[in-house]
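If you want the building blocks of each chain, they are given just below.
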Amino acid sequence: GESVGLHLPTLSVQEGDNSIINCAYSNSASDYFIWYKQESGKGPQFIIDIRSNMDKRQGQRVTVLLNKTVKHLSLQIAATQPGDSAVYFCAEKLDGDSNYQLIWGAGTKLIIKP
Amino acid sequence: NAGVMQNPRHLVRRRGQEARLRCSPMKGHSHVYWYRQLPEEGLKFMVYLQKENIIDESGMPKERFSAEFPKEGPSILRIQQVVRGDSAAYFCASQSGTDYGYTFGSGTRLTVV
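So the protein lines, in turn, are chains A and B.
So in the numbering used here, the last one in the first sequence is 114, and the numbering has no gaps at all.
So in the numbering used here, the last one in the second sequence is 1113, and the numbering has no gaps at all.
FYI, nobody ran anything at the bench for these hints, they're computed from the structure.
The model shown is predicted, which means the values in this text are computed figures rather than measured ones.
One or more of the hints may lead you astray.
[As the list claims (entries may be wrong)] Pairs of lysine-lysine residues, derived as BS3-like cross-links and limited to a Cα-Cα distance of at most 30 angstroms, are as follows:
(1) Lys109(A) x Lys1051(B)
(2) Lys1044(B) x Lys1062(B)
(3) Lys42(A) x Lys1062(B)
(4) Lys109(A) x Lys42(A)
[Unchecked claim] Derived CB-CB ranges, DEER-like:
(5) His7(A) x Glu1052(B): 19 to 27 angstroms
(6) Glu1040(B) x Gln81(A): 19 to 27 angstroms
(7) Gly59(A) x Pro1039(B): 23 to 31 angstroms
(8) Gln14(A) x Arg1015(B): 44 to 52 angstroms
(9) Val1083(B) x His7(A): 34 to 42 angstroms
(10) Arg1014(B) x Arg51(A): 46 to 54 angstroms
(11) Pro114(A) x Thr1098(B): 28 to 36 angstroms
(12) Gln81(A) x Ile1055(B): 46 to 54 angstroms
(13) Val70(A) x Gln1050(B): 32 to 40 angstroms
(14) Pro1070(B) x Val70(A): 25 to 33 angstroms
(15) Gln1050(B) x Leu11(A): 35 to 43 angstroms
(16) His7(A) x Gly1097(B): 45 to 53 angstroms
(17) His72(A) x Gly1073(B): 36 to 44 angstroms
(18) Gln81(A) x Thr1098(B): 29 to 37 angstroms
[Unchecked claim] Take a look, some chain B residues computed to stay more than 12 angstroms from chain A by CB distance:
(19) Glu1041
(20) Leu1043
(21) Thr1103
C-beta atoms are modelled at their ideal positions from N, C-alpha and C, and glycine is treated no differently.
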């Protein structure tokens, strides 16, 4: 789940519409998942996380869905705004108290059309 | 809490010079990660450190690159004899060791001329 030398896939959404960003994770033993948002010129920032014993978690305008059967994670953003334009990264953590490292997905660039 | 502090924000080096990138983790955070990012690309893991220990350096080139996280002071990523291909944004993230989320700094943008 680490991005190496690949240009980011892009998702274009009309302002006001809902966005769904998808992420396929690699390891069925992962027990924790997290989404980050990276705006241009800035470091990634935490959006929302979810543990493997949950299917869904909601935040402010964002919802994360976890489907462990197909190892799929999605981030839904309701009523997208121009400020939502950014690159979105998912990350997973392998099960185990001694595993602290996050394994990062490739990222998706979200473009909001006016 | 000032968050994760990286400096400098921008660094210009001539080919062959050394680049030193500093990262002060959040207060109470004992885990530090360094990532490299090229424009329009994802995050490439370089190294994971805890105080005075390198835990995983599998993403760091064996030559010219080194990292440390001393008992006192910031974590340092050092790049010796820089080449044009080292030009990138380098991000540091810290982690408490009890919560799994990372807190990222604003990055250092290295340009090699």
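Does the structure break any of the earlier hints, and which numbers would those be? 1, 5, 9, 11, 12, 14, 16, 19, 20 and 21
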